[in-house]
Amino acid sequence: MSARPLYLGLDLGSAWSKAVLLGPDGQVLARAARRTGMRFEDAAGALRDDVLDRAGATAADLASVVSTGYGRRNVPFADARRTEISCHARGAHHHFPRELDLVDIGGQDNKIVHVRRDGAVANFLMNRKCAAGTGAFVEEIAHRLDVPLEELEPLAEAATREITLSSFCTVFSATEVIKLIREGESPGNLCRGIFNSVIARVVEMGPLGGFIVMSGGVVAAFPVVARILAEKTGAEVAVAPHPQHLGAFGAALVAREGG
Amino acid sequence: MPEFKPFRAQKRMKALMAGHFHGVDAASRDPQRRVAWCTSVGPAELLRSLGFEVYFPENHGAMLGATRKAQEYIPKANAAGYSPDICSYLTSDVGAYLAGETPLQQAYGLEGVPRPDVLVYNTNQCRDVKDWFAFYSREFGVPLVGVNSPVNVGEVTAEHVAGAVAQYRALLPALEAAAGQRFDIDRFREVLALSADTSRLWKACLWKARHRPTPLTFFDACILMGPAVVLRGTPDAVAFYEETLAELDERIAAGVAAVEGERLRIYWEGMPVWGKLRDLAGFLGELHAAAVVSTYCNSWVFDAFDQGGDPFEAMARAYLDLFIARSDDAKEEIMAGLLADFAVDGIVYHDAKTCPNNSNTRYGLPQRLKERTGVPYVIVYGDLNDLRCFSEEQAKTSIEAFIEQVPAGGAA
Ligand code: SF4
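In order, the protein sequence lines correspond to chains B and E. Those letters in the first sequence? Residues 1 to 259, by our numbering. Those letters in the second sequence? Residues 1 to 412, by our numbering.
No lab work stands behind these hints: they were computed from the structure. The model shown is predicted, which means the values in this text are computed figures rather than measured ones. Some clues are possibly wrong.
Claimed, not checked - A short list of chain B residues far from chain E (calculated; beta carbon distances all over 12 Å):
#1 Glu99
#2 Ala174
#3 Thr175
#4 Leu208
#5 Ala226
#6 Arg227
As the list claims (entries may be wrong) - Pair ranges (Cβ atoms, derived):
#7 Arg98(B) with Gly364(E): 45 to 53 Å
#8 Arg362(E) with Ala120(B): 48 to 56 Å
#9 Gly364(E) with His143(B): 36 to 44 Å
#10 Thr67(E) with Asp42(B): 30 to 38 Å
#11 Glu162(B) with Gln367(E): 47 to 55 Å
#12 Met38(B) with Ala336(E): 43 to 51 Å
Where is the CB? At the ideal position from N, CA and C, for every residue including glycine.
Could you build the full structure based on these sequences and the hints that come with them?
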């Protein structure tokens, strides 16, 4: 073990990869994120170098590395791997040590993880095969509307009417949007409709309890989805600190606990 | 990757299956002999007793899935009007026919699929089999006959049995005409007795998985079940399972584990993903999880064959008792029994896109069974043959996450 044991969590997602580096006492020393690109190995290596750089450390300081996410098997230098379900649960439990439902909305999939008070995963659900209600869905519809991503949320805030796209399918949803545009629906209402749909797809996945923690890139970019989820469920909804990095943070915690 | 431990029996099985296909093929060329196509849980015993060589299109469907040739053929059937949403055995098989190809050419040197003289279905499993056979009835201009079974049945009653018996008896004139011989009830009894032996032995093989560590998994059983499907009612099948059973006993005596370091015992519910069978076996093996029991492989265990008395009644009851034809309440009961018998730690449900009949995830059964037994479950979405419906990464992540959570040696 190195003199300065550091712990690295790597979350290799389908669209984005994230890293969190923890110090000997579990404090966060650095975070990084990048597009995953074509090769998980390359993304993992670049992220490791990036966080080590930021922390002024070297690979020799790494006591343990845990990988998670779709690319978790493609990190040659990882000491252990865990699924993103376990890592998100670990991260959420660290921030909120109480019974909770984690709702993670990622680039290509959504998950709900029911975490017990003691941090154990009671059960989990993942969306099926398609990208409806995920980050990819938001990007696709924004693209169809020709609205830059950063303008989606302010537009949605100005909505005057609640609409929800009803189709399960991203492509059909896009067709629905075109129909609504033709009918003269305002851009604000349409943008709000995108977020309503994201939450509708989440809520229909399975039952949610009274306390929900949100994570993932979509809530990081569009905090409005947390408000919509609270309205739709009546639950208390918190957003995890650094929501996009929750999986990597959980992986780093697992690394620190001995993988 | 974990090491695979092939069974000695597999070698013998290859020879048996080759013999089966060559036998059907020879019969299809011989003007004196007749070929019947039959659904996998159809009245094969009746057909054998009438001297037919029996061919099972579902077995062919599974071959198309396992060889991944299904991917080429399904779109051809889709284009001909058979939807991607219906049974992908049907679409694989019809697509292969439209392409004029079959894995039987490469595997057994056959020119093509042996032509039928009659097509015989039982809708106890689904309606798709009838539509599937209807396609070939039109293509080949041969008669299509069969039995329309009640489905979603709670308790199988004497009335159900009487109704089915009447239907089987009503088939006889058409079958005798196609066979060119008279029905002989003693011969029927003999064939049924052989099926009963096959079923009893096959069950005994599957039940060896109650041993810890199990000497065989669901994935092994998917391979070894071939003769129970296509050769039941023959002495060859009986001899094969006697040998297989002895081999399993040997494995147990020698402490051979199908999965090294068996930690968790899994129930696999639903169809296999044929094109990923080996892959999923390796994946679960790596996680030290042994799939010790399944609904699917148990579907060729027919306890009622043994009931004695009228052979028509015994056969009728056996094919009505079938898991797939039962109500959710009955299924829950059967599964709860198997969970206890095999000391299962967790259930993996495969929701097969194109086979709602074999997907028991859609009416709240997993939730109810968990409530009742405490055994946790996970659902993976895929398909038997159509790999377009299977997201491997997502399925594996679900299974791996599930296994990370399930405590060994008892329910959560
Ligand atoms: S039970 Fe399912 S797989 Fe079997 S023939 Fe019917 S639809 Fe196809």
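Each hint tested on the structure:
no.: 1; hint: Glu99; verdict: holds (15 Å)
no.: 2; hint: Ala174; verdict: holds (21 Å)
no.: 3; hint: Thr175; verdict: holds (20 Å)
no.: 4; hint: Leu208; verdict: holds (15 Å)
no.: 5; hint: Ala226; verdict: holds (24 Å)
no.: 6; hint: Arg227; verdict: holds (29 Å)
no.: 7; hint: Arg98(B) with Gly364(E): 45 to 53 Å; verdict: violated (29 Å)
no.: 8; hint: Arg362(E) with Ala120(B): 48 to 56 Å; verdict: violated (28 Å)
no.: 9; hint: Gly364(E) with His143(B): 36 to 44 Å; verdict: holds (38 Å)
no.: 10; hint: Thr67(E) with Asp42(B): 30 to 38 Å; verdict: holds (35 Å)
no.: 11; hint: Glu162(B) with Gln367(E): 47 to 55 Å; verdict: violated (31 Å)
no.: 12; hint: Met38(B) with Ala336(E): 43 to 51 Å; verdict: holds (48 Å)
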